[in-house]
Amino acid sequence: AAGVIQSPRHLIKEKRETATLKCYPIPRHDTVYWYQQGPGQDPQFLISFYEKMQSDKGSIPDRFSAQQFSDYHSELNMSSLELGDSALYFCASRRLGGSRETQYFGPGTRLLVL
Amino acid sequence: QKEVEQNSGPLSVPEGAIASLNCTYSDRGSQSFFWYRQYSGKSPELIMSIYSNGDKEDGRFTAQLNKASQYVSLLIRDSQPSDSATYLCAVKEEYGNKLVFGAGTILRVKS
Chain A
1 AAGVIQSPRH LIKEKRETAT LKCYPIPRHD TVYWYQQGPG QDPQFLISFY EKMQSDKGSI
61 PDRFSAQQFS DYHSELNMSS LELGDSALYF CASRRLGGSR ETQYFGPGTR LLVL
Chain B
1 QKEVEQNSGP LSVPEGAIAS LNCTYSDRGS QSFFWYRQYS GKSPELIMSI YSNGDKEDGR
61 FTAQLNKASQ YVSLLIRDSQ PSDSATYLCA VKEEYGNKLV FGAGTILRVK S
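Residue numbers (the numbering used here), protein chains in the order written: chain A, 1 to 114; chain B, 1 to 111.
Same shape as in the complex, but just chain B (with noise of 0.2 Å):
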């Protein structure tokens, strides 16, 4: 079992639909916790961050923090053609500095 779980997808939305995007984790200590956007071939791009219990919102993004439940989700509220893409769920292990990624969702938002 891998210790960052994603739904693979792909998620598909409507233009101006809210994307919801989920993540568990299996390390109980993890305190850290991230969304990249990664396009095909290019680099993860950092979404989010978020490190306490509850939402943290910016912009069309909501982050969700769940840490007794191990869960950790991201809403894209007005969804745009352009946010079609992977999003990895990152976490970051309470022992060591290194991201664990989930294996990533496909969104795609159709116009």
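Chain A extracted, bound-state conformation (with noise of 0.2 Å):
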């Protein structure tokens, strides 16, 4: 079965320096949440879309942007890279009315900041 597809798999960059991550959703999924997770940490929700407009907002920095597009998948844009940035990016993906909220993680992207 198809699963969400993250781009890149693994990232470097530098100190103020900008990212992009991609999210693909499972096919016919209609929201994608991203989390941030640091070394040793739980998940921590960042931001989700549904019918591409935001649904709902976490711990999210302002240096963060996030949007989906009409294909259903979604960016997430980090400018000014901070030290603290350096941790795994999921993004999952739920369908509507599909079994209960339930959340399908994709690989994530590991970015490191130097």
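It is possible that some hints are incorrect.
To be verified - Here are the computed lysine to any residue pairs in the SDA-like style, where the Cα-Cα straight-line distance is at most 25 Å:
no.: 1; chain 1: B; residue 1: K42; chain 2: A; residue 2: Q41
no.: 2; chain 1: A; residue 1: K52; chain 2: B; residue 2: E94
no.: 3; chain 1: A; residue 1: K57; chain 2: B; residue 2: R28
no.: 4; chain 1: A; residue 1: K57; chain 2: B; residue 2: A103
no.: 5; chain 1: A; residue 1: K22; chain 2: B; residue 2: N97
no.: 6; chain 1: A; residue 1: K22; chain 2: A; residue 2: E51
no.: 7; chain 1: A; residue 1: K57; chain 2: B; residue 2: S30
no.: 8; chain 1: B; residue 1: K42; chain 2: A; residue 2: L112
no.: 9; chain 1: B; residue 1: K42; chain 2: A; residue 2: P61
no.: 10; chain 1: A; residue 1: K22; chain 2: B; residue 2: G41
no.: 11; chain 1: A; residue 1: K22; chain 2: B; residue 2: S40
no.: 12; chain 1: A; residue 1: K13; chain 2: B; residue 2: S40
no.: 13; chain 1: B; residue 1: K42; chain 2: A; residue 2: E14
no.: 14; chain 1: A; residue 1: K57; chain 2: B; residue 2: K56
no.: 15; chain 1: B; residue 1: K42; chain 2: A; residue 2: M53
no.: 16; chain 1: B; residue 1: K42; chain 2: A; residue 2: P39
no.: 17; chain 1: B; residue 1: K67; chain 2: A; residue 2: Q44
no.: 18; chain 1: A; residue 1: K15; chain 2: A; residue 2: G38
no.: 19; chain 1: A; residue 1: K22; chain 2: B; residue 2: E45
no.: 20; chain 1: B; residue 1: K56; chain 2: B; residue 2: S26
no.: 21; chain 1: B; residue 1: K42; chain 2: A; residue 2: Y24
no.: 22; chain 1: B; residue 1: K42; chain 2: A; residue 2: E75
no.: 23; chain 1: A; residue 1: K52; chain 2: B; residue 2: G41
no.: 24; chain 1: B; residue 1: K42; chain 2: A; residue 2: I12
no.: 25; chain 1: B; residue 1: K42; chain 2: A; residue 2: Q37
no.: 26; chain 1: B; residue 1: K42; chain 2: A; residue 2: I60
no.: 27; chain 1: A; residue 1: K22; chain 2: B; residue 2: L46
no.: 28; chain 1: B; residue 1: K42; chain 2: A; residue 2: L88
no.: 29; chain 1: A; residue 1: K22; chain 2: B; residue 2: K42
no.: 30; chain 1: A; residue 1: K13; chain 2: B; residue 2: S26
no.: 31; chain 1: A; residue 1: K52; chain 2: B; residue 2: N97
no.: 32; chain 1: A; residue 1: K57; chain 2: B; residue 2: E3
no.: 33; chain 1: B; residue 1: K42; chain 2: A; residue 2: H10
no.: 34; chain 1: A; residue 1: K57; chain 2: B; residue 2: L46
no.: 35; chain 1: A; residue 1: K57; chain 2: A; residue 2: I5
no.: 36; chain 1: A; residue 1: K57; chain 2: B; residue 2: E93
no.: 37; chain 1: B; residue 1: K42; chain 2: A; residue 2: A87
no.: 38; chain 1: B; residue 1: K42; chain 2: A; residue 2: G58
no.: 39; chain 1: B; residue 1: K42; chain 2: A; residue 2: V113
Please keep in mind that the hints were generated in silico from the structure rather than gathered at the bench.
Once you've looked at the hints, go ahead and assemble the two chains, each given alone in its own frame, into the complex.
What follows is the structure, given as structure tokens:
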């Protein structure tokens, strides 16, 4: 079965640079979630989109922005990168009306800021 | 205080034993509860979901939910070394779409 696709899988950036992470949800899934997981931490919710509109917002820094496109893929744009942004970034997708609220996670993008 | 609490472990059990993982949550209105398994450096993988009080069984896994006590647990029967991972309890709060995760419990199954 098709899963959530994330790209790139690994990314190395320097401080103050920008990064764009991409997420392609499972086909027919209409909701996308972004999570950040630091070393030894649990995933922290950043932001979610349903039908291309922001549906919920968590602890996403103002330096970050995200959007969902007409094909339901989503991009997380990160600017003025800081060392503390080094983390695993997961995208999860869900189909409204599907098996009750279940979110399926992608493989993640490992971001290292030097 | 975290909204979802788990004992960080590590919880060590011998191969073939039952592993019991526990989780408490603070949002009394929560209706959806999930257990994810996460291997180091990998993404969380859904193990079980539960929405109603009582037990839900799926193979070697049993999830238990007690909304009055705001408590959810995961039992793993016949534990295998491949079950060694971090188990994340996740709760969808009453309002909103996001999942709130516990810090995770590290499980080690010794052969």
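Status of the hints after comparison with the structure:
For the proposed pair K42(B) and Q41(A), the alpha carbon gap of about 13 Å is at most 25 Å, so the pair holds. In summary, the hint linking K52(A) to E94(B) is supported, as the alpha carbons are separated by about 23 Å, within the 25 Å threshold. Between K57(A) and R28(B) the CA atoms are separated by roughly 21 Å; this keeps the pair inside 25 Å, and the hint holds. Under the criterion of a C-alpha separation no larger than 25 Å, the hint pairing K57(A) with A103(B) is consistent with the structure, at around 20 Å.
For the hint pairing K22(A) with N97(B), the CA-to-CA distance comes to about 20 Å; that is within 25 Å, so the pair holds. A threshold of 25 Å between alpha carbons decides the hint, and for K22(A) with E51(A) the separation of about 17 Å falls inside it, so the pair holds. Annotation: proposed proximity of K57(A) to S30(B) holds, straight-line Cα distance about 18 Å (limit 25 Å). For the hint linking K42(B) to L112(A), the alpha-carbon distance of about 16 Å falls within 25 Å, and the restraint holds.
Between K42(B) and P61(A) the CA atoms are separated by roughly 24 Å; this keeps the pair inside 25 Å, and the hint holds. Proximity of K22(A) to G41(B) is assessed by CA-CA distance (about 19 Å); at most 25 Å being required, the pair is judged to hold. Distance hint between K22(A) and S40(B) is fulfilled; the C-alpha atoms sit about 22 Å from each other, no more than 25 Å. About 22 Å separates the Cα atoms of K13(A) and S40(B), which keeps this hinted pair within 25 Å; it holds.
Note on K42(B) and E14(A): the hinted pairing holds, with a Cα-Cα distance of about 24 Å set against a maximum of 25 Å. Between K57(A) and K56(B) the CA atoms are separated by roughly 31 Å; this puts the pair beyond 25 Å, and the hint is violated. Our distance criterion of 25 Å between C-alpha atoms is broken by K42(B) and M53(A), whose separation comes to about 28 Å. In summary, the hint linking K42(B) to P39(A) is supported, as the alpha carbons are separated by about 12 Å, within the 25 Å threshold.
Restraint check for K67(B) and Q44(A): the C-alpha separation of about 24 Å stays at or below 25 Å, so the hint holds. For the hint pairing K15(A) with G38(A), the CA-to-CA distance comes to about 17 Å; that is within 25 Å, so the pair holds. Restraint check for K22(A) and E45(B): the C-alpha separation of about 20 Å stays at or below 25 Å, so the hint holds. In summary, the hint linking K56(B) to S26(B) is supported, as the alpha carbons are separated by about 22 Å, within the 25 Å threshold.
Between K42(B) and Y24(A) the alpha-carbon distance is near 18 Å, which keeps this suggested pair within the 25 Å criterion. For the suggested pair K42(B) and E75(A), the alpha carbons sit about 20 Å apart, so the restraint of at most 25 Å is met. Proposed proximity of K52(A) and G41(B) is contradicted: the alpha carbons are some 29 Å apart, above 25 Å. Pair hint K42(B) plus I12(A) holds up; C-alpha atoms about 18 Å apart against a cutoff of 25 Å.
Between K42(B) and Q37(A), the direct Cα distance comes to roughly 11 Å. Compliance with the 25 Å bound is thereby established for this hinted pair. For the suggested pair K42(B) and I60(A), the alpha carbons sit about 22 Å apart, so the restraint of at most 25 Å is met. Our distance criterion of 25 Å between C-alpha atoms is met by K22(A) and L46(B), whose separation comes to about 22 Å. Taking the CA atoms of K42(B) and L88(A), the gap is near 9 Å; set against the 25 Å cutoff, the hint holds.
About 17 Å separates the Cα atoms of K22(A) and K42(B), which keeps this hinted pair within 25 Å; it holds. In summary, the hint linking K13(A) to S26(B) is not supported, as the alpha carbons are separated by about 38 Å, beyond the 25 Å threshold. For the hint linking K52(A) to N97(B), the alpha-carbon distance of about 15 Å falls within 25 Å, and the restraint holds. Between K57(A) and E3(B) the alpha-carbon distance is near 17 Å, which keeps this suggested pair within the 25 Å criterion.
For the proposed pair K42(B) and H10(A), the alpha carbon gap of about 12 Å is at most 25 Å, so the pair holds. The hinted pair formed by K57(A) and L46(B) meets the criterion: a straight-line CA distance of about 23 Å does not exceed 25 Å. Among the hinted pairs, K57(A) with I5(A) is consistent with the structure: their alpha-carbon atoms are about 22 Å apart, no more than 25 Å. A C-alpha spacing of about 14 Å is found between K57(A) and E93(B), which places the hinted pair at or below 25 Å, so the restraint holds.
The hinted pair formed by K42(B) and A87(A) meets the criterion: a straight-line CA distance of about 12 Å does not exceed 25 Å. A distance of roughly 22 Å separates the Cα atoms of K42(B) and G58(A); the hinted pair therefore holds under the 25 Å criterion. For a cut-off of 25 Å, the pair hint linking K42(B) to V113(A) stands: about 19 Å separates their Cα positions.
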